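> Based on the provided sequences and hints, a complete structural model is requested.
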Amino acid sequence: MKNEIYGHFHPDERQFVDKAWEWVTNAGEYHETKLTEFLDPRQGYILQSLVNRHPDVIIRWEGGSDDAERKRAMVAPDYRDLTGEDMELKVLAITSGEQKFLALEHGDYMGAILGLGIKRGKIGDIHVLEDGCHVVVAEDIADYLSMNLTGVHRINVSTEILPLSGLRSSQVKLETMDFTVASLRLDGIAADVTRLSRSKILAPIKAGRVRVNWKVEEDPSCSLKDGDVVSIQGFGRFKVLEIGSLTKKGRYRILVGKFV
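Quick note on numbering: our numbering labels position 111 of the sequence shown as 111, and the sequence is numbered without any gaps.
A few of these clues could be false.
As the list claims (entries may be wrong) - With beta-carbon atoms standing in for the labels, derived distance ranges: (1) T95 / R209: 29 to 37 angstroms; (2) R80 / S245: 45 to 53 angstroms; (3) E88 / G250: 28 to 36 angstroms; (4) L202 / K258: 14 to 22 angstroms; (5) D226 / S158: 37 to 45 angstroms; (6) V216 / L114: 19 to 27 angstroms; (7) R14 / R209: 54 to 62 angstroms; (8) E130 / V216: 14 to 22 angstroms; (9) N52 / D81: 14 to 22 angstroms; (10) R14 / F259: 24 to 32 angstroms; (11) D86 / E29: 22 to 30 angstroms; (12) L114 / N213: 21 to 29 angstroms; (13) G7 / E175: 34 to 42 angstroms.
Stated by the list, open to error - Simulated crosslink set (DSS-like; lysine-lysine; CA at most 27 angstroms straight-line): (14) K122 / K215; (15) K225 / K122; (16) K122 / K239; (17) K258 / K200; (18) K258 / K173; (19) K119 / K173.
No lab work stands behind these hints: they were computed from the structure. From a predicted model like this one, the values you see are computed outputs, not experimental measurements. All residues carry an ideal CB built from backbone N, CA and C; glycine is no exception.
Below, the structure is given as structure tokens:
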């Protein structure tokens, strides 16, 4: 059974597949309930796929907002009603009286939180707002963050713990770019977005530092399509917004959005 499951996923994902399958089998065979850490969309897809394979297991997802990217899951026997179960989430509200605070970005908050020794799995979505930031966090580290997060990018900040109902979510901001490409290959489009040469973009791809829809992609010739999200370690991420018509010279018109 394990080898059959492995065949559907990248070898680098086997460690998570093992962990997720253990949660599912423990729920189905031993009546255990598991509340996971925050999972990214790829991990969520893997876990949901495994739950779907077991007739006696159910799952509930929660990330604070309807379109949350990172979510916690509760895996349980199918006779459990998970509707009212506590998913142990809190909101860390971050504010500051300094004017420069308003220029802080997603990466600044992420760096400050991880710099306190917090694991990524304890942190959900980070919502950068016009007057501050709301971060969805696991309940068990909320107090620690509130006491110890005193600065972000050398700017003094104040924090407050709110219930999940107090979350103010932000809209994803994209910086659009349009250009033409000879093909829809990953390396070609990524090179244009990052303004790297085709030869230089090959290094992170072949090193496993590029993900397409949160899945490691090591094939430079992988063809991208509308809606694909590409992340490149060290260069951020972008989304293919639209693949347009061909030009007279047979090149594809591409519209992408870089996450800012």
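> Starting from the hint list further up, note which numbers the structure goes against and sort them upward.
Numbers 3, 7, 8, 15, in rising order.
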